[in-house]
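Residue numbers (our numbering), protein chains in the order written: chain C, 201 to 524; chain U, 5 to 422; chain Z, 638 to 922.
The set of hints was computed from the structure by calculation and includes no laboratory data. Any given hint might turn out to be false.
Some chain Z residues judged to face chain U by a derived CB distance under 8 Å, without partners named [as the list claims (entries may be wrong)]:
id, residue
1, Leu650
2, Pro727
3, Thr745
4, Phe747
5, Ala752
6, Gly770
7, Leu778
8, Thr798
9, Gly801
10, Ser802
11, Ala806
12, Ser852
13, Phe892
14, Ile897
Heads up, the beta-carbon is just placed ideally off N, CA and C, and yes, glycines get one too.
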Amino acid sequence: MKNIPTNWGVVVLGACLLVYPMIFSGAFYLDIGVTFLLAAISASAWNIVGGYAGQVSVGHSIFYGFGAYCPLLFYQLFGWPPMAGIPIGIALSIAVAILIGLPTFRLSGHYFSMATIAVAELIRIFTGTWDLVGAAIGLQGPAVARGWWDLTFRGELPYYYIFLVVLALLLFITWLMEQRRFGYYLRAIKTNERAARSLGVPVLQTKIKALALSAVFTSIAGSLYSIKTGFIDPESGFGILVSVQMVIIAALGGAGTLFGPLVGALILIPLQTATNTWFGGGGSGLTFILYGGIIVLIARFEPGGLFDLWDRIAPKRWRRGHAA
Amino acid sequence: MKRKPFLFAAAMAATTLLHVGNPAAAAETVKVGITWPLTGNAGAAGQASKAAAELVAEIVNNPHPELGDLPLAKGAGLPNLDGAKLELILTDHQGNPSLAQQLTTRLITQDKVHVMLGAYQSSCSFTATAVAERYGIPFMVGESAALNITGRGFKWVFRGTPIASDYARTYMRFFDDMKKAGKKIDTIAIVNENTDYGTSVAESITEEAKKANIAVAIRIPYSASSTDVSAQVLQLKDKNPDVVIFISYTADSILYMKTMKNLDYKPPMVIGDDSGFSDPSFVPAVFDVAQGVMNRSAWAVGKPGSTTYKINEMYKAKTGRDLDDTSARNMQSFFALIDAINRAGSTDPEKIRVALTQTDLKPEQLMMGYQGVKFDDTGQNILAATYLIQLHGKNYQLVWPEKAADAKLQWPMAGWAK
Amino acid sequence: MLLLQVVVGGLLLGAIYALFSSGLTLIWGMMNVINFAHGEFVMLGMYVALLVVVWLGGGPAAFGTAAAIALFVLGVVVYAGLIRHVMRGPMLAQILSTFGLALLLRYTAFWIFSANFVSLPDTSLSGTINLGGILLPVAQLVAGVVAIAFTIALHLLLTRTNIGSRLLAVSEDRSAAMLMGIRPDRMQALAWGLAGCAAGIAGALMATAYPWSPSVGETFGLIAFVVVAFGGFGSVPGALYAGLIIGLIQAVSAFWFGPIYKDIIVYSLFVALLWLRPQGLMGKA
Numbered sequence: 201m202k203n204i205p206t207n208w209g210v211v212v213l214g215a216c217l218l219v220y221p222m223i224f225s226g227a228f229y230l231d232i233g234v235t236f237l238l239a240a241i242s243a244s245a246w247n248i249v250g251g252y253a254g255q256v257s258v259g260h261s262i263f264y265g266f267g268a269y270c271p272l273l274f275y276q277l278f279g280w281p282p283m284a285g286i287p288i289g290i291a292l293s294i295a296v297a298i299l300i301g302l303p304t305f306r307l308s309g310h311y312f313s314m315a316t317i318a319v320a321e322l323i324r325i326f327t328g329t330w331d332l333v334g335a336a337i338g339l340q341g342p343a344v345a346r347g348w349w350d351l352t353f354r355g356e357l358p359y360y361y362i363f364l365v366v367l368a369l370l371l372f373i374t375w376l377m378e379q380r381r382f383g384y385y386l387r388a389i390k391t392n393e394r395a396a397r398s399l400g401v402p403v404l405q406t407k408i409k410a411l412a413l414s415a416v417f418t419s420i421a422g423s424l425y426s427i428k429t430g431f432i433d434p435e436s437g438f439g440i441l442v443s444v445q446m447v448i449i450a451a452l453g454g455a456g457t458l459f460g461p462l463v464g465a466l467i468l469i470p471l472q473t474a475t476n477t478w479f480g481g482g483g484s485g486l487t488f489i490l491y492g493g494i495i496v497l498i499a500r501f502e503p504g505g506l507f508d509l510w511d512r513i514a515p516k517r518w519r520r521g522h523a524a
Numbered sequence: 005m006k007r008k009p010f011l012f013a014a015a016m017a018a019t020t021l022l023h024v025g026n027p028a029a030a031a032e033t034v035k036v037g038i039t040w041p042l043t044g045n046a047g048a049a050g051q052a053s054k055a056a057a058e059l060v061a062e063i064v065n066n067p068h069p070e071l072g073d074l075p076l077a078k079g080a081g082l083p084n085l086d087g088a089k090l091e092l093i094l095t096d097h098q099g100n101p102s103l104a105q106q107l108t109t110r111l112i113t114q115d116k117v118h119v120m121l122g123a124y125q126s127s128c129s130f131t132a133t134a135v136a137e138r139y140g141i142p143f144m145v146g147e148s149a150a151l152n153i154t155g156r157g158f159k160w161v162f163r164g165t166p167i168a169s170d171y172a173r174t175y176m177r178f179f180d181d182m183k184k185a186g187k188k189i190d191t192i193a194i195v196n197e198n199t200d201y202g203t204s205v206a207e208s209i210t211e212e213a214k215k216a217n218i219a220v221a222i223r224i225p226y227s228a229s230s231t232d233v234s235a236q237v238l239q240l241k242d243k244n245p246d247v248v249i250f251i252s253y254t255a256d257s258i259l260y261m262k263t264m265k266n267l268d269y270k271p272p273m274v275i276g277d278d279s280g281f282s283d284p285s286f287v288p289a290v291f292d293v294a295q296g297v298m299n300r301s302a303w304a305v306g307k308p309g310s311t312t313y314k315i316n317e318m319y320k321a322k323t324g325r326d327l328d329d330t331s332a333r334n335m336q337s338f339f340a341l342i343d344a345i346n347r348a349g350s351t352d353p354e355k356i357r358v359a360l361t362q363t364d365l366k367p368e369q370l371m372m373g374y375q376g377v378k379f380d381d382t383g384q385n386i387l388a389a390t391y392l393i394q395l396h397g398k399n400y401q402l403v404w405p406e407k408a409a410d411a412k413l414q415w416p417m418a419g420w421a422k
Numbered sequence: 638m639l640l641l642q643v644v645v646g647g648l649l650l651g652a653i654y655a656l657f658s659s660g661l662t663l664i665w666g667m668m669n670v671i672n673f674a675h676g677e678f679v680m681l682g683m684y685v686a687l688l689v690v691v692w693l694g695g696g697p698a699a700f701g702t703a704a705a706i707a708l709f710v711l712g713v714v715v716y717a718g719l720i721r722h723v724m725r726g727p728m729l730a731q732i733l734s735t736f737g738l739a740l741l742l743r744y745t746a747f748w749i750f751s752a753n754f755v756s757l758p759d760t761s762l763s764g765t766i767n768l769g770g771i772l773l774p775v776a777q778l779v780a781g782v783v784a785i786a787f788t789i790a791l792h793l794l795l796t797r798t799n800i801g802s803r804l805l806a807v808s809e810d811r812s813a814a815m816l817m818g819i820r821p822d823r824m825q826a827l828a829w830g831l832a833g834c835a836a837g838i839a840g841a842l843m844a845t846a847y848p849w850s851p852s853v854g855e856t857f858g859l860i861a862f863v864v865v866a867f868g869g870f871g872s873v874p875g876a877l878y879a880g881l882i883i884g885l886i887q888a889v890s891a892f893w894f895g896p897i898y899k900d901i902i903v904y905s906l907f908v909a910l911l912w913l914r915p916q917g918l919m920g921k922a
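With the hints as extra help, turn the sequences into a complete structure.
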């Protein structure tokens, strides 16, 4: 067991995240902070199955979308406070995770990726034709809060701390998982599935558990998104870009490491915001040329993610082999 | 465990570099925050509207006495604010509702804009207007289709463009006129792309047609940017309605016209609901097979020498393309907003809001074919109206209502026959 | 009669799906790399066709060849400059790199050509043939036939020629191939070139009938994924059958159930296929 309290990096990071709203108190900076936290939560959730278990899902928007739709749907239908929809989103996500996992986890490699893309697209298109869930126009949340339980705040600050708590919880659970037998199973499967099976690792069961755990937190991330934004439509819930963003952030930081997705989000969200702020208004597409270019460069020169880079250049005493 | 204080610090540094706009703004400028999709699937529409908004700023900031009664064109700047100039701060929300929300927050809290204009896609208008409402900044929705953008009890949201129900009623009045003139219109078909825009308009038309006792032979929703539309065309051929109304974006509109020619299907009349049919790419691509296609538009270039003609020339000089209806409606909404700021005589948001509620522009003060600009309690312009135009040769000409018409309506449409 | 018309239209479109998907399946099967930028290759093929027609005034043969050559070169350059390096990294790095590449290509096109829609001026391929009541637009007919011919040619190249056996040798066992004196790098660069070439020709063929803008690649990219997974990774004949089948299903279901359901039906069938025959129609288990 590694000893967390002696790890000053984590303490500094946590402290920075805690005091960020006090230093950058403007609504725009808070919103960037919230966006960053949300990206970190979804990518860390993806990381459980995509990183640790090595099962690359490119359709995690399925769970994100269920999580995002449920709060606003039950608000629209029955006037429930949006957060009442969160557990329903979680339950649906777990059910779908099992349904997808059972057939596709028997296969190897890209089939799982393809299946997740296909299911996500199927649900996105279907949602766009279903009037009950707002079809293509989407669903809105309460414009003005009826009480605190609506979680519809005027400022960004409450969201920031709610999201931060969720992120901390998720990282803690992931850390626990890393330490347990379950974590070793996952790494064994990722390294060599056949060998893992022959050593008695319950491969299918472990993969499905990882997917379900990942789905739970992805779903929560989706709920947080729709409650905060007060709006959801098929594209922002189930769109392929939602899934791809999770993969990119995790891969950028270092998939299969505890803090990789966090680092990825720390790089990518400011990068996105900065390029859009500086070049977006010009409308020449420069935003995406730079964004795409930087992603290509990182993949070309640091294929293991920025975490690898850190491991190489950091002073020796700070290094930690993440043979994960 | 891992440590990344270095990376964290770098990211923080990057974040602090995000100071935008110019904090030391000139003494008297009116800052207008604009958020549109300049990239992504609706990029073309956003770019065209961006050029149109820049043209408005050009017209207002410099003396343009040649533009007649158009408010604020004559002098330089806003007279009631000591000649204050407009400063546009443009942003690109990429069609992402969450980004539209963030950018509106940025424009209001960082750039301290006095008013907002946006956001094209209804999804983005929903989220962006909610932010403006929260901060108490007037938000002019230039062009978004969903009916309930206004009417959510918001105080600060105004919409200058006509909406789906207005269009639907216009079509029914037109059909009524045609029936009186002896044309047969018993059944119509509606073909709509299935996002917010197409769905809203198609639903409104279905509803109004029911009231007008016109049967909807078939309604075909489809998802935009299809690679193939022959199934839709063959379905239409099968039902053979008297009029087909297409609610489509650019690529699909062109594809429909080409496919109809290829499959030899020509209904008595095709009406395009603006959008794709008004895109400057549409006419050059299909004019030879789409003769007599009608289109909804509140924008008409008009005769040489008219104000609208001059505006179009200015736009053409800037972009190399004709002004399209979508951008023109954004321009008109923008003009109405600036007129209100001028009447408010101040950049105080509350005063501008009150001035907006008192807006009463007359037809001669407009560049569009509305009956005026006047907002109801929900912020919707109740005098917005629309023309119907028809493709003759390589130009659309105004054919309905008759009293404003520049050319005679051809019925049935010629299509590809000369 | 209408149904027959729908079937023919669907098959002709499916042939083009098959052509550009065969490029994707080639590199996917051979190198286990998913190219998220494949749709963008098709998009660039369309713009190359446009440039040739506008600047040089060439006919279909000219712009088709130009698109094929331009995209072959792009494929090789992408391999040599990017893919060769990320192949050493984890699979995620490959996803990352080709996704970044897709954005880069799409928005470079956006920067150069603007977001406006364009269509190819009328070429010698205009007009319609009436075949016993079935209307066949010449452009689509030629595109469909050429697409099938090229897909079959690609298959023959892979299975009947010396180059083909070398390509397959590299994909089967890289080190064994090296021992046999085959240079894997060259073969893989060739595979990328061929994949680009197929996408380029498909793009040029599509351009004769469809208006497009820089974001069109997204649509094609998704179609290609489904076709490849349907047909089986790495199988060119699989891509051919799957392309035709998907074109057909789309057309018929759009006609019977309505166009919004066509993709729902395609994806539902795909999910069902994954359950029943996960390796795809022609894939190796």
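Hint check:
Because the closest C-beta pair between Z:Leu650 and chain U is about 5 Å apart, less than 8 Å, the hint holds. For Z:Pro727, the interface hint is violated, since its Cβ never comes within 8 Å of a Cβ in chain U; the closest pair sits about 18 Å apart. For Z:Thr745, the shortest C-beta to C-beta distance to chain U is roughly 12 Å, which exceeds 8 Å, and the interface hint is violated. Nearest Cβ of chain U to the Cβ of Z:Phe747: about 7 Å, under the 8 Å cut. The hint holds.
A cut of 8 Å between beta carbons decides the hint on Z:Ala752: the least distance to chain U is about 3 Å, and the hint holds. Residue-level restraint check for Z:Gly770 is violated (minimum Cβ-Cβ distance to chain U is 11 Å; threshold 8 Å). Checking Z:Leu778 against chain U: minimum C-beta separation of about 11 Å lies over 8 Å; hint violated. At a threshold of 8 Å, the smallest CB-CB gap from Z:Thr798 to chain U is about 32 Å, leaving the interface hint violated.
Given hint, Z:Gly801 at the interface with chain U, is violated; its Cβ is 30 Å from that chain's nearest Cβ, farther than 8 Å. Interface hint at Z:Ser802: violated, since its Cβ lies 35 Å from the closest Cβ of chain U, which is beyond the 8 Å cut-off. Violation of the interface hint for Z:Ala806 is found here, the shortest Cβ-Cβ separation to chain U being roughly 36 Å, above the 8 Å cut-off. At its closest, the beta carbon of Z:Ser852 sits 5 Å from a beta carbon of chain U; the interface hint therefore holds under the 8 Å criterion.
Annotation: interface hint on Z:Phe892 holds; nearest CB of chain U at approximately 4 Å, less than 8 Å. Hint on Z:Ile897 holds. Least Cβ distance to chain U is approximately 5 Å, under the 8 Å limit.
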